[in-house]
Amino acid sequence: AQSVSQHNHHVILSEAASLELGCNYSYGGTVNLFWYVQYPGQHLQLLLKYFSGDPLVRGIKGFEAEFIKSKFSFNLRKPSVQWSDTAEYFCAVNGGNYGGSQGNLIFGKGTKLSVKP
Amino acid sequence: GAVVSQHPSWVICKSGTSVKIECRSLDFQATTMFWYRQFPKQSLMLMATSNEGSKATYEQGVEKDKFLINHASLTLSTLTVTSAHPEDSSFYICSASHEATYEQYFGPGTRLTVT
Numbered sequence: 001a002q003s004v005s006q007h008n009h010h011v012i013l014s015e016a017a018s019l020e021l022g023c024n025y026s027y028g029g030t031v032n033l034f035w036y037v038q039y040p041g042q043h044l045q046l047l048l049k050y051f052s053g054d055p056l057v058r059g060i061k062g063f064e065a066e067f068i069k070s071k072f073s074f075n076l077r078k079p080s081v082q083w084s085d086t087a088e089y090f091c092a093v094n095g096g097n098y099g100g101s102q103g104n105l106i107f108g109k110g111t112k113l114s115v116k117p
Numbered sequence: 118g119a120v121v122s123q124h125p126s127w128v129i130c131k132s133g134t135s136v137k138i139e140c141r142s143l144d145f146q147a148t149t150m151f152w153y154r155q156f157p158k159q160s161l162m163l164m165a166t167s168n169e170g171s172k173a174t175y176e177q178g179v180e181k182d183k184f185l186i187n188h189a190s191l192t193l194s195t196l197t198v199t200s201a202h203p204e205d206s207s208f209y210i211c212s213a214s215h216e217a218t219y220e221q222y223f224g225p226g227t228r229l230t231v232t
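Just so you know, the protein sequences line up as chains F and B, in that order.
So the first sequence is numbered by the numbering used here: it starts at 1 and just counts up by one.
So the second sequence is numbered by the numbering used here: it starts at 118 and just counts up by one.
If we strip away everything but chain B, and leave its shape as in the complex, we get:
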């Protein structure tokens, strides 16, 4: 089946530093990838839609200069949290839309803790 991986699975960083999270579709090509954020006991909130080779589309209220998204290939999208603050601590989940079926497959998530 279609598999999406995320790296790292968890990361702790100091306030003011930047953190990069990778999302890879392992056995299929994904023209579109999505980045979500999930707070404890909350729903998944879509942050941005990433299309290969073009700029990401950010949801209202998401700072594009803070959450940098790059989708350089059909199998890789990255989310960089710049100048991280403790309020950025959260669970970040990516998903990839299968190029042929358009079904969305989810990664396991990355737990970010900013101290």
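One chain only, chain F, in its complex shape:
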């Protein structure tokens, strides 16, 4: 069965610090990978996604993630965080047979990021 692990429950950083949130998945086949963000009091929003091609994907607000197939990882990075990045971040995966449909997403437990001004 598919599963997603996010290693950090809560990360606290100062502004301008670099960010890396870990995400590992368990699935034997082709996967589609996603990072979602939930700002306080708001909906889940798609941050970035990987379906195929260049394993380094860039999303909104300066975020990027790298798919490393050999490590079953899809870590999220940002070189310099801002106070406004304070939110909860969820990694998600679905089987590649869904193509771009994002059907049946399996979510990690989420990582809460707190950025101190």
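I should point out that these hints are in silico values taken from the structure, not numbers from a laboratory.
Using N, Cα and C, we set each Cβ at its ideal position, and we do this for glycine too.
There could be a bad hint or two in this list.
Claimed, not checked - DEER-style ranges, computed between Cβ atoms: (1) P79(F) - G170(B): 46 to 56 Å; (2) P117(F) - S190(B): 40 to 50 Å; (3) S200(B) - T30(F): 34 to 44 Å; (4) I60(F) - K158(B): 22 to 32 Å; (5) L193(B) - N104(F): 40 to 50 Å; (6) N104(F) - N187(B): 44 to 54 Å; (7) S206(B) - E88(F): 18 to 28 Å; (8) C130(B) - E88(F): 41 to 51 Å; (9) E88(F) - Q146(B): 43 to 53 Å; (10) E15(F) - S135(B): 44 to 54 Å.
Stated by the list, open to error - Now the stretches of chain B that chain F is said to cover, found in silico as 3 or more residues with beta-carbon under 8 Å: (11) 156-164; (12) 208-221.
Starting from the known structure of chain F, fit chain B onto it as the hints suggest.
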């Protein structure tokens, strides 16, 4: 942008009663909608996949007779929690898959408290 709404945003009900939660895609059509449940400090757990005009597909361990899902139109899906019990108290989130792009857009969630 694509917007998904849920109503109500929070509800308190007595044990044994039924509660209906609506999920609407406001500015796009969604052939597929998904219902998730989230416990505190836990991941979103997919409960069921709802396709317009057909029966919902429930995930293993989700009681279909307890969590009734109806997807009567391309913009509306409903989740009815029947004979609610305190253990059904949770945060229920829906998402809608855009008909053209298939990208999934999430609603704001509904907090259900059963007393």
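Against the structure, the hints:
1. P79(F) - G170(B): 46 to 56 Å: holds, 47 Å
2. P117(F) - S190(B): 40 to 50 Å: At roughly 46 Å between Cβ atoms, S190(B) and P117(F) fall inside 40 to 50 Å, so the hint holds.
3. S200(B) - T30(F): 34 to 44 Å: Given about 41 Å between the Cβ atoms, the range holds.
4. I60(F) - K158(B): 22 to 32 Å: holds, 26 Å
5. L193(B) - N104(F): 40 to 50 Å: Between L193(B) and N104(F), where Cβ atoms are some 21 Å apart, the hint is violated.
6. N104(F) - N187(B): 44 to 54 Å: violated, 20 Å
7. S206(B) - E88(F): 18 to 28 Å: Holds: the Cβ-Cβ distance is about 20 Å, inside 18 to 28 Å.
8. C130(B) - E88(F): 41 to 51 Å: violated, 27 Å
9. E88(F) - Q146(B): 43 to 53 Å: Between E88(F) and Q146(B), where Cβ atoms are some 29 Å apart, the hint is violated.
10. E15(F) - S135(B): 44 to 54 Å: Since the Cβ atoms of E15(F) and S135(B) sit about 48 Å apart, the hinted range of 44 to 54 Å holds.
11. 156-164: holds (count 6)
12. 208-221: With 7 residues in contact (Cβ-Cβ under 8 Å with chain F), the coverage given for the region 208-221 of chain B holds.
Checked against the numbered hints listed earlier, the structure breaks hints 5, 6, 8, 9; every other hint is satisfied.
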